[in-house]
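Asker: Read off the chains here:
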Amino acid sequence: MASLDDLYRRVIMDHYQAPRNMGELADADATIQLKNPTCGDQIQLQMKVEDGKIKDAKFKGEGCSISMSSASMMTEAIKDLPVEKALELADRFSKMLLGEEVDLDDFDDIEALQGVCKFPARIKCATLAWKAMEKGVKESDKVDHHHDHHDHHHDGHHHD
Amino acid sequence: MIDPKIREEFPILNQKVNGHPLVYLDSAATAQKPIQVIEAVNEYYRKTNANVHRGVHTLGNWATDAYEGARTKVKKFINARSTEEIVFVRGTTSAINLVAQSYGRSFIGKEDEIVITLMEHHSNLIPWQQVAKFTGATLKYVPLQQDGTMSMEDIKATITEKTKLVAMTQVSNVLGTVNPIKEVAKIAHSVGAKLLVDGAQSIPHMKVDVQDLDCDFLAFSGHKMGAPTGIGVLYGKKELLEQMEPVEFGGEMIDFVDLHESTWKELPWKFEGGTPIIAGAVGLGAAIDFLQSIGMDQIEKHEHELVNYAMDQLKQVDGFTMYGPLVNHSSLITFNLKDVHPHDLATVLDTYGIAVRAGHHCAQPLMKWLNVSATARASFYLYNTKNEIDIWIDGLNKTKEYFGDGFIG
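As they're listed, the protein sequences go chains A and B. Counting along the first sequence from 1, when you hit position 42 you're at 42 in the working numbering, and nothing is skipped either side. Quick note: to get the working numbering, add 1000 to the position in the second sequence (first position is 1).
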């Protein structure tokens, strides 16, 4: 039986109560707003992408401890990573949540979310921010081709 | 109170979940099924199954009798004038969509208004949004008062001479508000408008008499009253259903078919294209028998006592916020616990075997009005007990402790 302590590890609550990189970027290359329509969680993720590298990332949103701590950890992890590496990390993160054996060496705090795989109803909470990142990378790709544009690009999801 | 022995009729309740006896407080989402319903469906498939309305053979006749027998039970249960007014559909959503697509698109025009309320479930909101988009009609909302009820003044002010249709829930699935449907019917009719009632949260819990309410349409689901999923009912006044075109065409609903023209069967079958939900209807009939054996008045009383007991006990829980009116509140409690997200709360309760709902409850405009992104909801039915409410409240206190004391990790 999955125990609560598998899910709510201290490091998760630390990120939930004191989220890192919370706020907005003035000069974002991508602004993504995503919602989990089944539970109402929502997140705005902004990223600054230069020369194929994620220079900065900030988020704000409303949601449960899992979705918000995951967003906090993710923004820490992807900063200064090449885009491909960030996407690869997202891929491994999804696999971890599905209970697959993956290399966790570079996961740092993120590893604490491993327990989520025992709570299938909560997997979508944990992946929300990562989905936003994947979308954001695609957005910034478009921006890269028209370099001077720093408009906020919103995706098709509804905003509140 | 209903004798807790009734729980023995619900096999699913007699089990442990996550090592604790199941405390099922999510009946507003779907109710558990009594053994009588499970057996009726089982027996139907074991002994009766055949297609209906066409067989010369005996099983075909038995199946038709079982299916139409269920229709008669529904007719009596809601006191419709005739079985022609009872259309079997998939659930509340299909019933409302049927009226929206058929009645809405034919009888509502550009200059007309459709009136709904801010407390509607998405299933009684989006179909009307769509009708408004399709016809150019104006969609209006009756506002809510601070306590989650609507004032008669606001209802009267929103319904005007231009209003063609009023669609309103009888009981809110979030606020627990019980709306004055009978009075609303009078107001709607005084301007020549029709009234559709969403009965999803009322039919399972209280006596509903369509002639007394004088509503024009009533939509409800079987699965919230102990029947299987996939069966529901659209009640409509005969003279309205007669004017309406079917929305699904094909087998079962036709009379004569020619190469370029066809005619429809009479009511209610013209709305039941394709092989109908026979076993579901049989299950619904059994659920009605079961509810009536207890008595709808008894069920309402039982739930009233439960919800009052819960409200009383909850006063002692610090940081507990309840939404909706304090009086005349149906058998559900939508709430939040300070500093704990409802999603986290539901997960913690689940580890104690307590099932509650967390989220926006398919009422996003209402969540916006409440100024919350999500809430939790505990909903009660005839099989719930005061002891279970104690367990739930104990679970809330444990959740607070857990989240308050920091985390072991």
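These aren't lab readings, by the way, just hints derived from the structure by calculation. In this text, all values refer to a predicted model and were calculated from it rather than measured experimentally. There could be a bad hint or two in this list.
[Claimed, not checked] Okay, derived cross-link-like pairs now, BS3-like style, lysine-lysine, Cα gap no bigger than 27 Å in a straight line:
(1) B:LYS1016 <-> A:LYS118
(2) B:LYS1162 <-> A:LYS60
(3) B:LYS1073 <-> B:LYS1110
(4) B:LYS1398 <-> A:LYS124
(5) B:LYS1338 <-> B:LYS1073
(6) B:LYS1338 <-> A:LYS60
Asker: All hints, please: hold or fail.
Answerer: Evaluated hints:
no.	hint	in the structure
1	B:LYS1016 <-> A:LYS118	holds, 18 Å
2	B:LYS1162 <-> A:LYS60	violated, 44 Å
3	B:LYS1073 <-> B:LYS1110	violated, 39 Å
4	B:LYS1398 <-> A:LYS124	holds, 25 Å
5	B:LYS1338 <-> B:LYS1073	violated, 46 Å
6	B:LYS1338 <-> A:LYS60	holds, 20 Å
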